[in-house]
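These protein sequence lines are chains B and U, in that order. When we follow my numbering, the leftmost residue of the first sequence carries the number 1, and every step to the right adds one. When we follow my numbering, the leftmost residue of the second sequence carries the number 1, and every step to the right adds one.
Calculated from the structure, these hints are not laboratory results. Here the structure is a predicted model, which means the values were calculated and not measured. Each hint should be verified, as a subset may be incorrect.
Using 30 Å as the maximum straight-line C-alpha spacing, the simulated BS3-like pairs for lysine-lysine come out as follows [unchecked claim]: (1) U:K167 / B:K93; (2) U:K167 / B:K37; (3) U:K157 / U:K125.
With the Cβ distance kept under 8 Å, some of the chain U side facing chain B (calculated, not the full set) [to be verified]: (4) G43; (5) S72; (6) N74; (7) G76; (8) K82; (9) I85.
Estimated spans, in silico, between C-beta atoms of each pair [to be verified]: (10) U:A61 / B:Y23: 50 to 60 Å; (11) B:L87 / U:F146: 31 to 41 Å; (12) U:S72 / B:S29: 20 to 30 Å; (13) U:T128 / B:V77: 51 to 61 Å.
Glycine included, each C-beta is placed from N, C-alpha and C at the ideal position.
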Amino acid sequence: MFKRALLLGIVSGILAGVAALIYDKVYFSTTRVDFSKVTSTVSILAATLIGGLLAGIGYWLLYKIMKGKGEVIFNFVFVILSFASILTPLAAKLPLDIEFPELFPGLAVPMHFFPALAWFTLKPLFIQQTVKDYDKPAGV
Amino acid sequence: MKKIVLSFATLLALTAVFAFSIASSWNIKSDYSIKFSGEDASGIFKTFTGTINFDEKNLAASNFAVTIDVKSINTGNGMQNKHAIGAEWFDAAKYPSIVFNSSKIAKAGTGWQVTGTLEMRGVKKEITIPFAFVPKGNEAVFSGTFNVNRNDFGIGKPASGTAGVIKIEVYVPVTKK
Chain B
1 MFKRALLLGI VSGILAGVAA LIYDKVYFST TRVDFSKVTS TVSILAATLI
51 GGLLAGIGYW LLYKIMKGKG EVIFNFVFVI LSFASILTPL AAKLPLDIEF
101 PELFPGLAVP MHFFPALAWF TLKPLFIQQT VKDYDKPAGV
Chain U
1 MKKIVLSFAT LLALTAVFAF SIASSWNIKS DYSIKFSGED ASGIFKTFTG
51 TINFDEKNLA ASNFAVTIDV KSINTGNGMQ NKHAIGAEWF DAAKYPSIVF
101 NSSKIAKAGT GWQVTGTLEM RGVKKEITIP FAFVPKGNEA VFSGTFNVNR
151 NDFGIGKPAS GTAGVIKIEV YVPVTKK
């Protein structure tokens with residue numbers, strides 16, 4: 001389970017990073033405001049990859065400690081932490097030579113949800129859902 | 001003939017007096033910086049304009065009249081910028097500019113000091129600003145640091161003690177007109 005959770009974390013981190021980079025390009029072409037000083041390609045990829053890795057380790061730990069309820073708690077914690085993390089770009093103080101700092105949350109806030117979205121999207125490919133008895137088709 | 005000579009002499013005398021009483025005028029270069037820092041916020045004002053007439057040898061004719069565009073404030077945070085130009089703080093809709101007009105410039109130690117009226121948020125107050133003047137050929141730099149208490153101008157929520165004190169750092173490179 002640990003290997004699968006960790007692999008899921010890494011792959012979802014990379015997927016989130018690619019999505020964030022695409023969003024960064026789209027945002028720049030729309031607003032023409034350059035935030036590359038604070039959101040470089042390396043920092044975006046590193047942040048999403050670290051997020052994915054932490055999610056993988058967290059999932060494995062909760063699964064191990066809480067067994068069946070571990071996944072539910074993990075999903076709640078992951079989403080709550082993603083929401084809480086948007087305070088960082090909202091309160092961020094950018095270098096003073098960056099124009100239009102009011103547009104920064106529009107770039108960074110959606111990116112904070114990409115790791116969770118990537119995780120939930122890819123999870124069925126790495127970790128199979130437990131099918132409860134009452135979910136099984138009749139007669140199985 | 002006498003009349004012509006007298007007229008020329010008068011003109012010459014007037015020109016000399018006029019030339020002597022005008023201080024050097026300076027154009028503000030674009031790489032100026034107006035920084036502020038306090039307990040509530042810190043940042044810069046990006047738009048600074050005005051006229052600077054300053055001659056070390058003719059202080060009586062020297063004067064400063066400068067204006068800062070309040071909406072050009074940048075604290076590095078968009079929400080804070082919006083809050084700063086709002087009604088509780090600078091109220092930029094009603095008071096779009098910060099204005100300083102000098103009334104007296106004097107030598108102070110190795111530097112200078114300018115006394116004048118600072119108008120912020122519609123409140124005028126006389127202040128004295130110490131500054132340094134470093135000339136270099138046709139260019140020069142004015143720089144100075146001083147404190148203002150935002151409570152005196154009704155900016156923001158009233159703060160007690162030193163909480164309302166804002167440190168202003170001014171760096172203005174100029175070229176001779």
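Quick rundown of the hints versus the structure:
For the hint linking U:K167 to B:K93, the alpha-carbon distance of about 19 Å falls within 30 Å, and the restraint holds. Using a Cα cut-off of 30 Å, the hinted pair U:K167 and B:K37 holds, with the two alpha carbons roughly 27 Å apart. Distance restraint check for U:K157 and U:K125: the Cα-Cα separation of roughly 19 Å lies within the 30 Å cut-off, and the hinted pair is therefore satisfied. The interface hint given for U:G43 holds, since its Cβ lies 6 Å from the closest Cβ of chain B, which is under the 8 Å cut-off.
For U:S72, the suggested interface contact is broken, since its CB lies about 11 Å from the closest CB of chain B, more than 8 Å. Hint status for U:N74 relative to chain B: holds, with the closest Cβ pair at about 6 Å, below 8 Å. Given hint, U:G76 at the interface with chain B, holds; its Cβ is 4 Å from that chain's nearest Cβ, closer than 8 Å. At its closest, the beta carbon of U:K82 sits 7 Å from a beta carbon of chain B; the interface hint therefore holds under the 8 Å criterion.
The beta carbon of U:I85 comes no nearer than 11 Å to any beta carbon in chain B, farther than 8 Å, and the hint placing it at the interface is violated. At about 59 Å, the beta-carbon gap between U:A61 and B:Y23 stays in the expected band of 50 to 60 Å. In this structure the supplied range 31 to 41 Å holds for B:L87 paired with U:F146, their Cβ-Cβ distance being about 35 Å. At roughly 26 Å, the beta-carbon separation of U:S72 and B:S29 lies within the given 20 to 30 Å, and the hint holds.
With their beta carbons about 58 Å apart, U:T128 and B:V77 fall inside the hinted range of 51 to 61 Å.
Going through the hint list in order, the structure does not satisfy hints 5, 9.
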